[in-house]
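S.K.: Turn these sequences into a full structure, and let the hints steer you where they fit.
Residue numbers (our numbering), protein chains in the order written: chain W, 1 to 351; chain Y, 1001 to 1351; chain R, 2001 to 2351; chain C, 3001 to 3351.
The hints are simulated quantities; they were obtained by calculation from the structure and are not laboratory data. Cβ coordinates follow ideal geometry from the N, Cα and C atoms, glycine included. A hint or two may mislead.
To be verified - List time: in silico DSSO-like cross-link candidates among lysine-lysine, alpha-carbon distance up to 27 Å:
| id | chain 1 | residue 1 | chain 2 | residue 2 |
| --- | --- | --- | --- | --- |
| 1 | R | Lys-2303 | C | Lys-3345 |
| 2 | C | Lys-3225 | C | Lys-3303 |
| 3 | W | Lys-164 | W | Lys-189 |
| 4 | R | Lys-2003 | R | Lys-2345 |
| 5 | R | Lys-2189 | W | Lys-189 |
| 6 | R | Lys-2164 | R | Lys-2125 |
| 7 | C | Lys-3225 | W | Lys-252 |
| 8 | C | Lys-3225 | R | Lys-2041 |
| 9 | C | Lys-3051 | C | Lys-3003 |
| 10 | C | Lys-3252 | C | Lys-3273 |
| 11 | Y | Lys-1125 | Y | Lys-1164 |
| 12 | R | Lys-2041 | C | Lys-3303 |
| 13 | R | Lys-2051 | C | Lys-3283 |
| 14 | R | Lys-2051 | C | Lys-3164 |
| 15 | Y | Lys-1252 | Y | Lys-1273 |
| 16 | W | Lys-3 | Y | Lys-1345 |
| 17 | C | Lys-3067 | C | Lys-3125 |
| 18 | W | Lys-252 | C | Lys-3252 |
| 19 | W | Lys-51 | Y | Lys-1164 |
| 20 | R | Lys-2253 | R | Lys-2273 |
| 21 | Y | Lys-1125 | W | Lys-51 |
| 22 | W | Lys-41 | R | Lys-2189 |
| 23 | W | Lys-283 | Y | Lys-1041 |
| 24 | Y | Lys-1189 | R | Lys-2303 |
| 25 | C | Lys-3189 | Y | Lys-1041 |
| 26 | R | Lys-2345 | R | Lys-2283 |
| 27 | Y | Lys-1041 | W | Lys-345 |
| 28 | Y | Lys-1225 | R | Lys-2252 |
Said to hold, decoys possible - Residues of chain Y clear of chain C, computed beta-carbon distances all greater than 12 Å:
| id | residue |
| --- | --- |
| 29 | Gly-1079 |
| 30 | His-1118 |
| 31 | Cys-1195 |
| 32 | Glu-1196 |
| 33 | Arg-1228 |
| 34 | Glu-1269 |
There are 4 protein chains.
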Amino acid sequence: MIKAGIIGSTGYAGSELVRLLLGHRETEIVWYGSRSYIDEKYASVYGNMFKLVEDVCRDDNLEQLSKEADVIFTATPQGFLASVLTDSILDNCKVIDLSADFRIRDISVYESWYGIEHKSPQYMKEAVYGLCELYREQIRGTRLLANPGCYTTCSILTTYPLVKAGIIDPATLIVDAKSGTSGAGRGAKVPNLFCEVNENIKAYGVATHRHTPEIEQELSVAAGKDIRISFTPHLVPMNRGILVTAYADLVKKADGSLPTQGEIRSAYEACYKDEYFIRLLEKNVCPETKWVEGSNFVDMNFKIDERVGRVIMMGALDNIVKGAAGQAVQNMNLMFGIEETEGLKLVPSFP
Amino acid sequence: MIKAGIIGSTGYAGSELVRLLLGHRETEIVWYGSRSYIDEKYASVYGNMFKLVEDVCRDDNLEQLSKEADVIFTATPQGFLASVLTDSILDNCKVIDLSADFRIRDISVYESWYGIEHKSPQYMKEAVYGLCELYREQIRGTRLLANPGCYTTCSILTTYPLVKAGIIDPATLIVDAKSGTSGAGRGAKVPNLFCEVNENIKAYGVATHRHTPEIEQELSVAAGKDIRISFTPHLVPMNRGILVTAYADLVKKADGSLPTQGEIRSAYEACYKDEYFIRLLEKNVCPETKWVEGSNFVDMNFKIDERVGRVIMMGALDNIVKGAAGQAVQNMNLMFGIEETEGLKLVPSFP
Amino acid sequence: MIKAGIIGSTGYAGSELVRLLLGHRETEIVWYGSRSYIDEKYASVYGNMFKLVEDVCRDDNLEQLSKEADVIFTATPQGFLASVLTDSILDNCKVIDLSADFRIRDISVYESWYGIEHKSPQYMKEAVYGLCELYREQIRGTRLLANPGCYTTCSILTTYPLVKAGIIDPATLIVDAKSGTSGAGRGAKVPNLFCEVNENIKAYGVATHRHTPEIEQELSVAAGKDIRISFTPHLVPMNRGILVTAYADLVKKADGSLPTQGEIRSAYEACYKDEYFIRLLEKNVCPETKWVEGSNFVDMNFKIDERVGRVIMMGALDNIVKGAAGQAVQNMNLMFGIEETEGLKLVPSFP
Amino acid sequence: MIKAGIIGSTGYAGSELVRLLLGHRETEIVWYGSRSYIDEKYASVYGNMFKLVEDVCRDDNLEQLSKEADVIFTATPQGFLASVLTDSILDNCKVIDLSADFRIRDISVYESWYGIEHKSPQYMKEAVYGLCELYREQIRGTRLLANPGCYTTCSILTTYPLVKAGIIDPATLIVDAKSGTSGAGRGAKVPNLFCEVNENIKAYGVATHRHTPEIEQELSVAAGKDIRISFTPHLVPMNRGILVTAYADLVKKADGSLPTQGEIRSAYEACYKDEYFIRLLEKNVCPETKWVEGSNFVDMNFKIDERVGRVIMMGALDNIVKGAAGQAVQNMNLMFGIEETEGLKLVPSFP
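M.R.: Here it is in structure tokens:
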């Protein structure tokens, strides 16, 4: 059994990790970390866990935890892991970080977008960006895993094949994203109150959202050159789910014609045809967040708009499963050499 | 492997059966029945099942199905099963009926509340009422199972121990129930449109709801005499969940005092202490439907109001799991002699 | 023009007062009080007021305000008004208090249920309980108005006629109430976050909610004797609205028969037939909170359940209109001798 | 008093017309048309209107109605008005059409996008497109008014100033729109059921939505040349509201620099500074649909993204007020020479 510790287990991503690991046949949770609820019963913080989790919450002590666990998940605010990570922790166990601390390879980009100093840039080189479908081999070998952001997972996976295949002009790429409210976390803030979110939709972080450089980093790899995109997140009155609607100009072929439906579909299949968690929908079916709720799937599709020479790419996932905890477990499975889908063959729940 | 056929597989209860059986290690679905979607791919009716279910929907033919399946689930309108059931079907396989056709032992009560003639009263005698926690032994031996209603499961389980223990006066019992909208089914009706249900709450079926006689039947057994209750259902703007708030006068003890917290708790524990799916909450914790969502749990608790000499009993379940499909699977497990919790150890999903 | 000041103008009830008074032809708001947002533009706290309100928020200074205003509305926490009220304030202007400080005539009952000391019991005697339909004449003459609670307004108005007429046995009265989330206020607390409330329903304050003694006080007046009731509030995933479902035993007539539909209807009409804001629905129509949203109406109806000898009374209102700000304006209209419906002839908004 | 008749008064737009006209001091509704509910009381179809509307629904008879009314509103499916309009109707009264029949000046474009034959192209010439802020003078003089679509009103108003000022390259314009569910109407269809919409978001009509040519028509006028855009609508789990997020490349100035914040703001102000219903928000404030709910306002703002040389334009309105019924009343006011804001000075309701 893999012994797992969770730092930040009482946030929404942390609690989803608990849910998923309880159903994982080769893992046992040995540490429920939560600075806000030290010594309280975990099940009193999350009533759904009543009778399923008997543990109490413990303070954050990564050194100690690293001696008791095989893997540590940090579902913590930006800057936390970078400020406490040590060689001995990484010698003792593997670390899967759900924050952004080791996602951005260029430290100056991280510091510029996040507005904080990176306290342990020396570990950046060995960190692996945990987008399983793109970095599977590197993930298997790492001990420091940077689990991607929710918006980024959806945005990158949905557009990556067409960037990589050169089918779209990445300089024209616009990602309009819509997220459920669990992405905002469990912090008690007025803008996240029921009455403020319900019956409302708004954009936020326009032209400044921190997931932008993460998306650009990975799509630049795909494009083989530096690219910049427009990214706009929106807050939607629902608990879970991210929908990405992305727009880009199609690159005309030598004869001046546009790429065909079949060619674009092939580009997706070339990347994902063996991927269990990616479902390329049938022609003209638009992804819906509800169809992936509670599961680790990413549903995607595209539509050619010949009138304007663009393609609209759409992707949907559950932001706290494939967008956070589910992907973290998928990464853990890879890092420990067990079946990649273990604990993750969850059938989406409807309605 | 148990071969299961589902009649009415494209309703909400039917589709939840599909979700649960896909995660059941000893069952295989061999028939996706749906009169409305004959020959259509099941996954085109329920997009969440894309890539998980490849079958197409088939017409209702119970005779044929009974030859191909070990168990038939009928998630159909009232009157359907009673009108088509035959000896040969029951000889061929077991039947679990999610409709009300065989729930009410007194045919005249059924006909009066449902306003239809019962077409096969001859099978009533062998039918077993499938409230697992109350009729476990009888369920194991039957071939015709009447799966209880959603409101009834919650109402009976929440009040049963105190009726049975004589702690409350059943003549004063009032059940005020609140249900998510999936209970109304997937039929296209104006009152179930998003804009009609959202931001709204109302009572309906006041003093006339068909689950009333079913609750009365079982509580009368518990009381050892015929009892009548008040039952009022309400429609709540959420997908899943039933909450029952029940009120009754406490029966004073010989010395004129009221039953104590400990005595009432003991009455609950006497009934449920070994029940995996029933969670008696800690003192002063009120059940919330969200804490059981997606699972087969029933959470319950009570509060004594000494000022008025009453007890308030509260229970919560997921109406399409323990209130329908989950309980049906629990019954199937019992009927086939396999682990009662198989396929049902679902961790509630939050948020 | 009546000059109005609002203390607590940035809470939900306070902001609804702003909305209503902006549409009131004889009132002008001269003071937007808010301790949390001093010197901030009101419209930056409530974006809906952009371009409609140019004022900035001011600190709480009732003495000063009483010199500038004709009426002060206090939409503040319990205990605030009682701790600052003075003779000079009441000499200078009228006060309409939306908190509970002057609702409960028996100070010891107030102190017992609210757990705080009442700091100015000397004003209790002149305070008038502002349930307009019951105390219209007293309201006209007062300078200190205790605006009723949201649950209480709905609970009292819905049951009052039958208590007063002796049609029901008040000792058997049970009020099961359901409220939208705006009733919980705009304070940043985890239980009121979108993800915690959405897709969820729960009871709270069971047998201990502070609106209980307020309901009992008024129904005792109606009954002509002290009565105690069961009152259970529930939190519903919607912004606005309260629905009350109340149960009571019908009092049999001398001949042993139950009161008839016509007799009960007459009891309602005797109380409310000239009331603009009370709509007694047609037979068998159940009130829905959506039908009164944004308006000052209370919709109500009843259903006789002859099987059990009870009547089910149902009432619906908008908790921050008739349950708070709307009733406060109705009271102001009465206190200043202007048309009672001024500013309140709002057509409910649907959907 | 203006006598108004409403054809299609039981749809959501029709019922909102009723709500608004009940609060309009110079209008009286003389005809509640509804083919689905002939002879039923209007208030039994819309419970919010109980005691406010005593009329029963009448069949559609435009000839007769035109003799009884000064203005007819047709809130009907596409093709209806075009198939019944006659000279005598237009001689008798004014017509305000909320359908698309007279919005698209090029009949072939209409027929191509709507897939139906236009039955009365002869009236196209005198029809005026009723976007009040753009066509105020023409509206005053017409007797046949084509009330714009909900998405189009929001999309055009939000982007028009920058297209007209030549600040953006219209060939790069992408409009990503999000709508509440009332836009889908009150028809009983499975995709509009509560359980299908709730906790879900999806795009639909991708690259094919019928509001596209309407937006293009008006922006082409602004641009002085034919332009084509990308337009993608999304269904959001809320009742009311449309949010538009639009993207376009900024046109560099002669010196290679981008337009400044001040220049773009000036372009908006040049168009809207005297418009009561358009609220240009303060810098960095993003529009939220909740801030305009129930009102006729359009809130808008923009954000420059210098990294990519684009501007993001955002606009929000209530789809059944400014996006339908409110704009229709605004048009009526103009057509009858009364105050443009009469009946429309509605304060947005929050929460």
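S.K.: Taking the minimum C-beta separation from Gly-1079 of chain Y to chain C, is that value above 12 Å?
M.R.: Holds: least Cβ distance 23 Å, greater than 12 Å.
S.K.: Would the pair Lys-1125 of chain Y and Lys-1164 of chain Y pass a check requiring their Cα atoms to be no farther apart than 27 Å?
M.R.: 24 Å, holds
S.K.: Please verify that the nearest CB of chain C lies beyond 12 Å from Glu-1196 of chain Y's CB.
M.R.: Not fine: 8 Å to the nearest Cβ puts Glu-1196 of chain Y too close to chain C.
S.K.: Assess, step by step, whether the Cα of Lys-164 of chain W is no farther than 27 Å from the Cα of Lys-189 of chain W, and give holds or violated.
M.R.: Distance ~40 Å between Lys-164 of chain W and Lys-189 of chain W Cα, so the pair is violated.
S.K.: Straight-line Cα separation of Lys-41 of chain W and Lys-2189 of chain R no greater than 27 Å?
M.R.: 20 Å, holds
S.K.: Quickly compare the C-alpha distance for Lys-1225 of chain Y and Lys-2252 of chain R to 27 Å and report which way the hint goes.
M.R.: 24 Å, holds
S.K.: Is the straight-line distance between the alpha-carbon of Lys-2164 of chain R and that of Lys-2125 of chain R 27 Å or less?
M.R.: Judged against 27 Å, a Cα distance of about 24 Å means the pair holds.
S.K.: Take the C-alpha atoms of Lys-3225 of chain C and Lys-2041 of chain R, compute the straight-line distance between them, and say whether it is at most 27 Å.
M.R.: 43 Å, violated
S.K.: According to the definition I'm using, a residue is off the interface if its beta carbon is farther than 12 Å from all beta carbons of the partner; does His-1118 of chain Y meet that for chain C?
M.R.: 30 Å, holds
S.K.: Could you grab the alpha-carbon distance between Lys-2003 of chain R and Lys-2345 of chain R and see if it respects the 27 Å cut-off?
M.R.: Cα-Cα ~21 Å, so holds.
S.K.: Are Lys-2051 of chain R and Lys-3164 of chain C close enough, with their CA atoms no more than 27 Å apart?
M.R.: 25 Å, holds
S.K.: Given the hint that Lys-252 of chain W pairs with Lys-3252 of chain C, does the C-alpha gap stay at or below 27 Å?
M.R.: 25 Å, holds
Of the hints listed earlier, those the structure fails to meet are numbers 1, 3, 8, 21, 31 and 32, in rising order.
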